[in-house]
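Protein chains: 2
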Amino acid sequence: MQMRLEEEMAIKLDANEADESLWDYSELWQIGELLKGMNRYPDPYNIKFKEKLINRISRKEGLTFTVDQMIIGNGSDELIKLVMESFFTAKKLSFAADPAFSEYERLTRIVGGNIEKLVFDNLLIDVPEFISEIKKVNPDVVFFTNPQNPTGQIFNLDEIESVVSAVQGMVVIDEAYIEFSSESALGLVSKYDNLIVIRTLSKAFGLAGLRLGYAISNAKNIDKMNENKLAYNISCLSETVGIYALDYETRIENYIDQVIKVRDLAVAQLDEMQELEVYRSSANFVLFTFDEWEKYQSFKNRVTKTPIRLRFFDDGPEKLKRSVRITITNLESYEAFYKILKEC
Amino acid sequence: MQMRLEEEMAIKLDANEADESLWDYSELWQIGELLKGMNRYPDPYNIKFKEKLINRISRKEGLTFTVDQMIIGNGSDELIKLVMESFFTAKKLSFAADPAFSEYERLTRIVGGNIEKLVFDNLLIDVPEFISEIKKVNPDVVFFTNPQNPTGQIFNLDEIESVVSAVQGMVVIDEAYIEFSSESALGLVSKYDNLIVIRTLSKAFGLAGLRLGYAISNAKNIDKMNENKLAYNISCLSETVGIYALDYETRIENYIDQVIKVRDLAVAQLDEMQELEVYRSSANFVLFTFDEWEKYQSFKNRVTKTPIRLRFFDDGPEKLKRSVRITITNLESYEAFYKILKEC
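Protein chains in written order, with my numbering: chain A, 40 to 383; chain B, 40 to 383.
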């Protein structure tokens with residue numbers, strides 16, 4: 040109980056979530072329909088929610104999609120798993136950079152496959168090297184995150200297209216953090232049959248608790264994924280709140296603007312510290328590496344005694360083990376962290 | 040749009056859901072915490088919800104379990120899939136009766152396995168025959184529903200135990216409809232290492248839209264399932280409403296009593312009709328078979344023109360194709376159906 044109380048008071052900057060709910064209880068009357076229909080199985084194809092998402096993409100990005108080009112997932116991670124369940128051959132081989140989102144590897148193993156990882160000792164992905172290795176390995180599914188996690192590295196459209204066009208198998212461009220950035224691969228969906236773009240409402244929409252991800256690809260790929268998904272994978276409550284949240288464009292944009300502003304300040308301030316190497320992030324987090332193991336350990340020990348939660352990495356390339364990732368949410372949380380860092 | 044409107048007015052007796060929400064919007068103030076924490080990832084182990092469920096089982100069934108003996112699923116079907124992902128050997132073979140819940144077969148194929156089905160032409164499972172076939176086939180996972188779907192057939196504890204004790208692999212006792220019945224297998228969990236009991240809040244709790252199922256087994260089996268599940272498989276909203284609903288014991292019991300009363304009336308009334316064979320159901324549905332194909336077709340055509348939705352089967356043994364399953368919810372819905380049937 041003591042621990043739980045402490046967790047409630049924590050400044051959680053470790054999981055790339057929003058710090059505060061962007062939606063509060065007093066607004067609930069606006070979604071009076073929320074609790075209706077809980078007794079029914081939900082729409083297995085989430086048509087209303089898809090229409091809202093497609094409408095938003097059309098307004099914001101000028102791209103047109105149809106509901107049969109989209110599938111909703113119980114978070115991005117269900118979609119990641121579903122891609123492998125749908126497009127693995129007898130080989131059952133996936134491919135990703137290292138470091139990358141750890142679930143690519145865990146979910147590959149759960150579906151009975153193996154993953155080949157290309158280790159980047161300096162943590163940054165070199166696209167030509169990535170492509171050349173893919174060609175050697177010839178995997179069924181390639182995972183490529185843009186912006187990359189945990190570095191926040193961004194890739195331009197040419198780089199993304201060079202990956203998609205070089206690969207025989209399916210390419211997943213994981214755009215979990217794309218709203219804090221640009222260069223979406225969505226425009227390539229009409230051009231390449233082996234491209235699946237995955238996004239989430241967990242980050243820029245501040246709705247990690249709802250477990251809402253979506254994937255866009257050609258209708259044939261989406262069809263295959265629909266065949267393999269759980270019949271009713273999305274709770275009616277999550278879908279309803281998701282639909283509701285999509286109406287609040289200004290609020291979302293303001294939140295994104297705030298995160299970008301604080302992120303850029305963070306990169307600039309951390310960059311001034313001699314003992315740190317700072318990665319130019321295009322996401323809602325910033326990764327930095329201590330030049331010495333001792334300094335990293337000392338900072339980690341110090342932070343552990345505060346309410347601040349940061350992401351410390353235990354695996355991956357050696358350099359990653361001296362690295363820390365901080366979620367960027369608002370100025371206040373960032374400054375609480377920065378104060379501790381400066382005092383070390 | 041026309042179709043959607045019509046669907047909203049339908050009397051849905053096809054999916055074993057409650058007809059009306061047992062929980063209404065005006066009660067929402069009692070779960071003021073509902074929308075808080077949507078920005079955070081949910082508790083991956085759903086400790087609070089498990090404690091509530093375990094508490095209820097203890098009070099109602101006099102059995103004691105710990106949180107490490109329980110896992111929450113995104114509906115029962117996620118748990119069914121997870122069992123195979125966790126306990127399939129290289130053989131990847133599951134086993135079920137035919138007819139049975141169709142997802143056993145579909146989910147087996149999705150995880151890359153095969154299913155052996157023992158066809159019961161008269162639709163009722165003969166337990167000794169079932170066991171003898173399992174021994175021949177030696178599957179990794181056996182699915183056994185009690186009460187059975189779509190017949191509503193109930194098995195007593197001796198029969199269940201004879202199945203569990205005869206099988207080398209894992210046995211799933213699917214108790215989706217157990218609240219309308221008795222003879223739960225939960226008491227056998229402490230005795231058999233190869234037993235997993237799965238339940239759901241979709242039926243007796245009237246919460247099909249929330250996607251909340253749970254499984255109980257020994258801690259070692261649950262541990263393995265935890266390793267293979269999506270990190271955050273349950274929406275924070277579903278968990279919160281689930282916790283809330285468990286406090287309303289009397290409401291649930293009243294609903295169950297109502298269903299049982301109407302179900303027993305339905306069996307008695309349908310039994311009086313010469314052209315029907317009626318199955319003695321222990322669930323929230325009743326299955327009946329027309330003696331002639333023409334009568335079945337004529338009834339099906341007639342119902343299609345009404346707002347009533349019933350479950351007509353297209354596959355399975357020949358007799359099933361002349362059979363209709365009606366969900367039992369309340370007297371009014373049942374009588375609307377009975378009127379149509381009488382007029383045929």
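A hint or two may mislead.
Chain copies aren't distinguished; within one or between two, either way the pair holds.
As the list claims (entries may be wrong) - List time: in silico EDC-like cross-link candidates among lysine to aspartate or glutamate, alpha-carbon distance up to 20 Å:
#: 1; residue 1: K263; residue 2: D354
#: 2; residue 1: K75; residue 2: E59
#: 3; residue 1: K75; residue 2: E331
#: 4; residue 1: K334; residue 2: E288
#: 5; residue 1: K75; residue 2: D53
#: 6; residue 1: K259; residue 2: E314
#: 7; residue 1: K51; residue 2: D82
#: 8; residue 1: K130; residue 2: E168
#: 9; residue 1: K130; residue 2: D330
Quick caveat, the hints were computed from the structure, so don't treat them as lab data.
Because the structure is a prediction, the values reported are computed rather than measured.
These are the hints, each one checked on the structure:
In this assembly of identical chains, the alpha carbons of K263 and D354 never lie at most 20 Å apart, being 34 Å within a copy and 22 Å across copies at closest. Taking identical chains as interchangeable, the C-alpha atoms of K75 and E59 lie at most 20 Å apart only when they sit on different chains, with a minimum of 9 Å there against 27 Å within one chain. In this assembly of identical chains, the alpha carbons of K75 and E331 never lie at most 20 Å apart, being 57 Å within a copy and 40 Å across copies at closest. When the C-alpha separation of K334 and E288 is checked against a cutoff of 20 Å, the pair qualifies neither within a copy, at 42 Å, nor between copies, at 56 Å.
Taking the closest pair of Cα atoms, K75 and D53 come within 20 Å of each other only across two copies (19 Å); inside a single copy the shortest separation is 35 Å, beyond that limit. Proximity of K259 to E314 under the C-alpha cut-off of 20 Å is found in neither arrangement, the shortest distances being 51 Å within a copy and 46 Å between copies. Taking the shortest Cα distances, K51 and D82 sit within 20 Å of each other only across copies (14 Å), while inside one copy they are farther apart (34 Å). In this homomeric assembly, K130 and E168 never come within 20 Å of each other (Cα to Cα): the closest approach is 23 Å inside a single copy and 39 Å across copies.
In the homo-oligomer, the alpha carbons of K130 and D330 never lie at most 20 Å apart, since the shortest distance is 41 Å inside one protomer and 51 Å across protomers.
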